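Chains as they are written, first to last, in my numbering: chain A, 762 to 1023; chain B, 95 to 317; chain C, 2 to 300.
Treat the hints with caution; some may be incorrect.
[Stated by the list, open to error] Rough simulated footprint, nothing fancy, chain B against chain C, three-plus residues with beta-carbon under 8 Å:
(1) 62 to 73
(2) 256 to 264
(3) 274 to 288
None of these hints come from the bench; they were simulated from the model. Given the structure is predicted, the values throughout are model-derived calculations rather than measurements. Beta carbons: idealized from backbone N, C-alpha and C, even for Gly.
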Amino acid sequence: MNFMASKQPENSLLGLESDSQRTLYVTCLISIELGSSLDVRYPYVTGTSVVALKYKDGILMAADMGGSYGSTLRYKSVERMKPIGKHSLLGASGEISDFQEILRYLDELILYDNMWDDGNSLGPKEVHNYLTRVMYNRRNKFNPLWNSLVLGGVKNGQKYLGTVSMIGVNFEDNHVATGFGNHLARPVLRQEWHENLSFEDGVRLLEKCMRVLLYRDRSAVNKLQIAKITEDGVTISQPYSLKTYWEFSAFENPAQGAIGSW
Amino acid sequence: MPKEQANWSPYDNNGGSCVAVAGADYCVIAADTRMSTGYNILTRDYSKICKLADKCVMASSGFQADVKALQKHLAARHLIYQHQHNKQMSCPAMAQLLSNTLYYKRFFPYYSFNVLGGLDNEGKGCVFTYDAVGSYEKVGYSSQGSGSTLIMPFLDNQLKSPSPLLLPAQDAVTPLAEAEAIDLVKTVFASASERDIYTGDKLEIVVINADGIRREYMDLRKD
Amino acid sequence: MSKSVIETPPKGGFSFDLCKRNEMLSKKGVNPPSFRKTGTTIVGLIFQDGVILGADTRATEGPIVCDKNCEKIHYMAPNIYCCGAGTAADTEAVTAIVILLCLCSDMVSSQLQLHRYHTGRESRVVTALTLLKRHLFNYQGYVSAALVLGGVDVTGPHLHTIYPHGSTDTLPFATMGSGSLAAMAVFESKYREGLTVSSPIPFFWSLIFLFQRNEGIELVTEAICSGIFNDLGSGSNVDICVITKGGKEYLRNHLQPNPRTYTSSKGYSFPKKTEVLLTKIIPLKEKVEIIEGGDAMEE
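Extracted from the complex, chain A is given alone in its bound form:
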């Protein structure tokens, strides 16, 4: 209550002007409804972009292994892609602990599904749908899981690639990316992706995206994994690094030939 009283100019309750004010107003009302103060927690250790695409035989996904503590590069061997059940692969950016919590939920989900012992198993579409509901449900409780998730998989010859954000926005596409990848990788993917990418071309395209991200995303690190999922199952590569080029002569001495330009 106090929160509302202090932030809202008294007379503006009738004429809420901006969207942000309206959101604040609604937010306040909700906190009253729930009888609690806002429950939003902010992230500690975070991973940056995940990039994924469909290729001829399945899905390819790439993520680097950095774990940032704010702007500190705190962890350098974080695995952000994991197989889920028989047919799915999950990649995550955002809060690492929340990701590990999600993996626990999914382990349980897959376990309980196996216990039916009916020969059926959850496919990527089902797992993705489950994740969208979990994410949306937590945003409804004002206690979001601070992640953007990418789910890829193949079942019965059907390729599947989708994503969910921390507030539950979800969609499928031929290629997806989270975080900075949305700004830097997707333009490249939109230009170069096509239906019949071979495995080698797919990896090359992903590496191209990861290299752009490495150059321009400050929290990206040059240690990444690429994961593949096909009808035959999941393979996640050993960590490796990309070749980079920093030797443009103009970068070495920028002000040369432009004296006085600092």
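Dock chains B and C against chain A, hints included.
What follows is chains B and C alone, placed relative to chain A:
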């Protein structure tokens, strides 16, 4: 503690425009297929149109996660209805259900802007237009979403409907033939995508008439 | 009345009183008109024997496109051009930014012109750079312009970016505006030094120059298109400006990748006009006494 994030918001606006036009024996419902956040395009091919019953279709823009939740909720309610009544829900009944569903979340609204279109029990086209918290109205044509401010005045100009204040109440259905209505909808979206940055990529048109439901697509600007 | 005003007479320079006032007001809950972003993609690139600048042509006001074909590459001097992006402004976003950039570039281009009259020499890019950054630094970021400045002078081709606070950068390739990341993705994956330059060029700066003209134009076009198609703030057409030693080529609407998608075959009519209520014309002279000449302004 690293706390760089700005105030967290449970909402986002994923953009997009929806239009519905009712005729004497048809209803045209259309929406673009762009889904965006901020200045970013998330995907160029996301359908905003959802078939709720045999003769009832909803187009929604706003916050995608809320829209999806709303669609799932209505689908579930419609399934229960079918079990209980052994028939499809009529369009006006679905319209009331949608209103109630939206108002149920009055203090934590679904951030979704809907138009509902279909055929009523006499086979006549009908359109219902909503705000985010469930107030609704039966009209002859309507537009919702990010491009509605550009689209609505044009529709008003081309499809003058009788004043709802007239007594006895006049029929709001538009005088156009089905093909003319589709042409109008295409024009309106081509124009909206010229000036509204959140509208574009592709247009999905759903036509409901006595023969059933039909879908059409048309390309829009991709910039 | 307020003492402080009388006690400290202004010493010249700029007054930031209003900034402090605005800060105070927003603390007390009186919010200024919301700040809006205006989208743009602008890029620049150094190639074999000059500089290529590029820009999209969309101007937005919030979610609405208010100009589908505006010019964002401004004239600075015959051998220097400048692309402008407004990063943020108040409610008159675009108008303000467009005017502001025009004013900004007009002011600087006039100063450069005067400087040329004075010295009788071609302007240098660093001179334009210094004038622009001084101006922006003076306003502490409140003149919210982000610029890509390019030109060829006696010391060779140069490319700079200028940020709203006045900091500058010297780069072989640069992007700015809301589409900068989309455009940078293209540069970062396709820019190479020494591309298809078959024999080394005898000039001392030759190491830096990489592209044949057409390859340069193609890459810049691709970068702008990347902004146009991936960033909602950017759109419409591609403008290009190629500056080389002793010449320039302004390619207005070099590419028009976004034609209208549908036009109704029968067209539309807008039947009713505003009703004419009165056609009588009353000459103003009969109503008002007009004093010709006179000395009304003098005491």
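Tested hints:
Figure legend: the segment 62 to 73 of chain C, annotated as covered by chain B; annotation consistent (4 residues with Cβ-Cβ distances under 8 Å, at least 3 required). Residues of the segment 256 to 264 of chain C lying with their CB closer than 8 Å to a CB of chain B number 6, which satisfies the three-residue condition for coverage. Beta-carbon proximity to chain B at under 8 Å applies to 0 residues in the segment 274 to 288 of chain C; the threshold of 3 is not reached and the given coverage is violated.
Comparing the model with each numbered hint stated earlier shows that hint 3 is the single one that does not hold.
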